[in-house]
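Listed here are the chains, written in short residue letters.
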Amino acid sequence: MRPLTEEETRVMFEKIAKYIGENLQLLVDRPDGTYCFRLHNDRVYYVSEKILKLAANISGDKLVSLGTCFGKFTKTHKFRLHITALDYLAPYAKYKVWIKPGAEQSFLYGNHVLKSGLGRITENTCQYQGVVVYSMADVPLGTHILLRYKRPETGNSFANSSQVQLKKKSAYTLENILPGKIWPS
Amino acid sequence: MGRKLDPAKEKRGPGRKARKQKGAETEVARFLPAAGDESSKRLSSRARKRAAKRRLGSAEALEMPKFPGAKPFPGKLPKGVSGGAVQTPGKKGAQSLLRASQGKKRPAPTHSSEEEEEEDDSEEDDVVNQGGLWDSEDSDADMIDDYGADSTSEDDDEGEELLPIERAARKQKAQEAVAGSQWSEEETEEEEEEAEEESPESGPQKNDETDGGLQINVDEEEPFVLPSAGEMEQDAQTPDLQRIHKRIQDIVAVLRDFGTQREEGRSRSEYLHRLQKDLATYYSYGDFLLGKLMDLFPLSELVEFLEANEVPRPITLRTNTLKTRRRDLAQALINRGVNLDPLGKWSKTGLVVYDSSVPIGATPEYLAGHYMLQGASSMLPVMALAPQEHERILDMCCAPGGKTSYIAQLMKNTGVILANDANAERLKSVVGNLHRLGVTNTIISHYDGRQFPKVVGGFDRVLLDAPCSGTGVISKDPAVKTNKDEKDILRCAHLQKELLLSAIDSVNATSKTGGYLVYCTCSIMVEENEWVVDYALKKRNVRLVPTGLDFGQEGFTRFRERRFHPTLRSTRRFYPHTHNMDGFFIAKFKKFSNSIPQSQTGNSAASTPTNLDLPEVKDQMTPKPKGSSHPAKKARVAVKAKQQLQKRQHPKKASFQKQNGISKGTDSSLPTVSCDTKSQASSKLQDSSQPAQKAEVIRGPKVPRKLKQQSAMPQASKKVGFRKQNASRGTDTEVPVLSLSKTQAALKPEDCDQPLGNSKRAEKVKQQLPEQPFKKAAFRKHNGTPKGPETSTVSLLSSSRPPPAKRRKSQSRGSSHLSS
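Chains as they are written, first to last, in our numbering: chain L, 1 to 185; chain A, 1 to 820.
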């Protein structure tokens with residue numbers, strides 16, 4: 001377990017910033033203590049300092065996990081954000097998308113969401129913007145990239161696009177558990 | 001087809017047709033043998049008819065006029081006696097004749113069928129027209145072909161009343177009977193062997209006569225007969241589960257009232273042995289496990305327990321209060337089509353699922369971490385542990401993470417939890433579950449639980465869900481029935497003891513809010529539960545406290561030849577058949593001291609073997625009351641350190657050793673030490689640089705400060721003189737006489753309780769002085785009498801020993817200080 005290097009920190013923050021923008025500082029300085037990121041076996045863990053102290057006693061090969069796993073660095077040192085980070089990103093998300101109950105299941109099973117499934121969306125969301133997806137009950141479901149399918153538009157591109165796709169980025173979906181199962185929605 | 005069936009229509013007239021109109025049952029009742037005459041299989045309807053017919057036999061003619069148009073009561077027709085009930089004592093005689101001839105009687109089933117017949121005796125009126133249902137069949141008898149049956153091959157009793165197909169079937173049966181004649185011969189043999197053979201027959205007959213008009217709903221009790229070896233062999237080859245089940249019930253009934261119901265000449269153990277074999281066969285258990293269960297449960301509970309293990313427990317889930325509330329979750333799941341209910345008064349977060357139209361482990365709520373599938377009994381140890389916020393908790397065997405997450409939600413994600421498991425594969429599930437449920441205050445590690453206090457200790461609370469034999473969760477894993485052996489249970493118990501001791505050592509007794517440990521297993525074996533807990537009580541400074549669970553059976557304080565500590569009554573046992581949850585055992589400890597009591601065997605192992613004084617000292621230690629256990633233990637700790645020191649110094653200073661022994665003896669005799677041995681040792685170390693003060697240092701931890709000062713004697717050339725001086729001062733530590741001090745201590749344990757019995761000591765010391773020379777020699781042999789703190793040993797030698805010794809002492813003392 002070690003702190004992140006400069007390079008790694010930069011890469012990771014860039015990724016996170018896609019979803020929560022400049023609210024990054026809020027992640028580190030929280031009201032209930034200081035939190036920090038630690039790297040262990042290529043995974044980035046987000047822990048409070050109290051936990052960190054105890055975890056320091058555990059030898060590296062015996063440590064499996066601590067706090068919350070935010071994501072991991074791939075072999076080529078790109079950072080992949082995990083679904084487990086959702087709880088921390090959701091409160092600070094800059095762009096949010098709410099999807100209708102009907103599309104919720106389909107989304108959870110790993111399918112893309114069409115524009116028809118969107119309930120609400122934050123204004124001024126550009127194309128390829130990282131968004132956090134919520135259900136209508138404000139339950140965060142995942143993080144995504146907003147794609148636009150048809151012709152690019154100017155200004156409020158969203159309203160004019162005929163088909164909008166939300167590319168799912170969440171890893172833990174029902175699809176992974178029950179491939180091919182269709183649920184009654 | 002054919003005639004319309006009109007049950008209400010009165011059937012009248014003599015002759016074959018009219019008889020037929022009563023129904024096939026009446027026809028066949030004449031010919032049906034007593035139930036059970038047929039093969040061991042359950043009788044088919046045809047077979048029953050035939051049996052009934054055979055039974056009716058010639059008596060049918062008598063019965064006909066008795067049954068004018070009575071209403072049919074098809075519902076009352078008992079199984080195994082089709083249409084049968086037209087019976088009289090005379091018929092019974094015929095039946096018994098039949099039985100004897102066919103030689104296929106089974107006492108128990110026969111009995112039951114006869115009883116049923118008796119019941120029907122009283123319902124003669126009702127039974128008459130049961131045959132009405134079979135009207136249509138009988139009418140077609142003449143028109144249907146023969147099915148190849150040759151009427152000549154059949155018994156004369158049956159005559160021409162049977163349908164052709166019935167004749168054919170009976171013929172086939174006869175052929176089978178011939179084939180199985182060997183089998184039946186065994187039975188006839190066995191019948192002849194058993195003296196009580198006749199009683200089942202005679203019994204019902206008598207009952208017949210006495211109960212002529214009485215309606216009885218309860219089976220008559222009939223002396224149950226243990227089968228002989230022949231039948232047991234046969235059972236081994238072709239177990240007839242129904243028969244075995246019946247026999248189980250019979251044996252349990254006999255044993256319940258053994259005095260009156262026993263068979264002559266058969267002991268209780270034979271019945272029990274038979275029952276064990278039958279239960280093992282019926283429920284597919286290994287003999288070992290079933291023997292253990294028979295020791296554990298009374299017989300009635302045993303059968304219930306075994307039955308409960310065949311059925312899975314209801315699915316339960318626990319709401320994750322970090323993310324939702326039970327009410328909201330229940331609502332959401334009901335909307336998805338799950339039928340559920342709150343778990344019980346004792347749980348605020350549990351829900352029990354009766355049935356569900358969607359897979360309960362794959363709902364969006366599950367994925368969002370709103371609940372966790374967890375057995376009801378697994379929620380109990382965490383409720384007993386009662387973790388508070390901002391505490392440090394250790395979960396030693398955490399996989400798959402249900403209990404850990406429950407702890408986290410009770411702590412509201414504050415504090416720190418260290419979740420550990422020895423199995424790397426199962427740790428992955430822990431990681432997944434904890435992340436899914438949103439637990440953020442947990443560190444997950446992969447240690448063997450026994451390494452624990454060394455890696456990190458000082459936890460406020462510890463939960464140990466020890467790996468066990470799994471005899472409480474047989475319904476989840478039926479393989480446990482057969483693959484558990486004596487060795488497995490003992491191996492589990494050994495591992496559990498080690499883990500429990502490590503867990504106890506990881507708890508910080510001086511924690512402000514904690515100091516508790518919960519030990520739980522999903523097993524019902526006493527070897528893994530009460531025995532392990534009792535072992536821990538003996539080995540460590542812990543005591544049992546109430547778990548806080550107000551239901552559940554109390555743990556055993558004695559079991560067969562073992563006796564456990566009475567506080568074991570505060571532990572709890574749960575069973576599948578009484579609480580409808582997996583078998584479980586929960587014990588809650590409170591640690592009241594961080595010191596580890598040194599076992600006496602451990603000390604002797606460290607020292608040289610032949611130490612006469614040691615046993616005395618040990619004896620002195622043992623009588624000490626519990627209250628003084630603290631100081632005693634501390635003394636022992638110090639003693640151990642002293643041992644090391646002594647060992648190192650042994651080759652150099654015999655006198656030193658001698659004095660060590662002496663002082664050790666005295667020190668050990670001082671029970672009431674309020675101050676820490678170690679601290680005193682360390683303080684003495686500091687002082688050791690000055691020879692003059694060494695004596696003071698060596699006094700030992702138990703010596704009050706003032707005494708120490710007094711004992712800071714100048715170097716005495718003569719040890720005796722030195723000792724005398726000490727004695728005169730009345731210092732307790734400075735008892736020059738080597739073994740005498742120890743013997744003194746041993747002989748007068750009450751002195752131990754008087755920390756400042758200086759005067760006494762002084763007297764004793766004086767008494768002992770003359771014996772000193774003698775003892776000295778003897779004492780020198782004894783190297784490691786590490787009963788006193790090591791510092792005391794150093795004291796006397798300080799005057800005579802060069803500085804290097806001191807250094808060594810300090811080192812050893814330092815090390816011993818660290819180690820202790």
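No lab work stands behind these hints, which were simulated from the structure alone. What you are looking at is a predicted structure, and each value in this text was computed from that prediction instead of being measured. The beta carbon of each residue, even a glycine, is placed where N, CA and C say it ideally should be. Where hints are given, some of them may not hold.
Derived Cβ-Cβ restraints for the label pairs, each shown as a range [as the list claims (entries may be wrong)]:
1) L:5 to A:429: 47 to 57 Å
2) L:56 to A:510: 34 to 44 Å
3) L:31 to A:510: 43 to 53 Å
4) L:3 to A:432: 24 to 34 Å
5) L:36 to A:483: 46 to 56 Å
6) A:432 to L:139: 51 to 61 Å
7) A:386 to L:31: 19 to 29 Å
For each hint, the structure was consulted:
no. : hint                       : in the structure
1   : L:5 to A:429: 47 to 57 Å   : violated (31 Å)
2   : L:56 to A:510: 34 to 44 Å  : violated (23 Å)
3   : L:31 to A:510: 43 to 53 Å  : violated (31 Å)
4   : L:3 to A:432: 24 to 34 Å   : holds (26 Å)
5   : L:36 to A:483: 46 to 56 Å  : holds (48 Å)
6   : A:432 to L:139: 51 to 61 Å : violated (20 Å)
7   : A:386 to L:31: 19 to 29 Å  : holds (27 Å)
In summary, the numbered hints that this structure violates are 1, 2, 3, 6.
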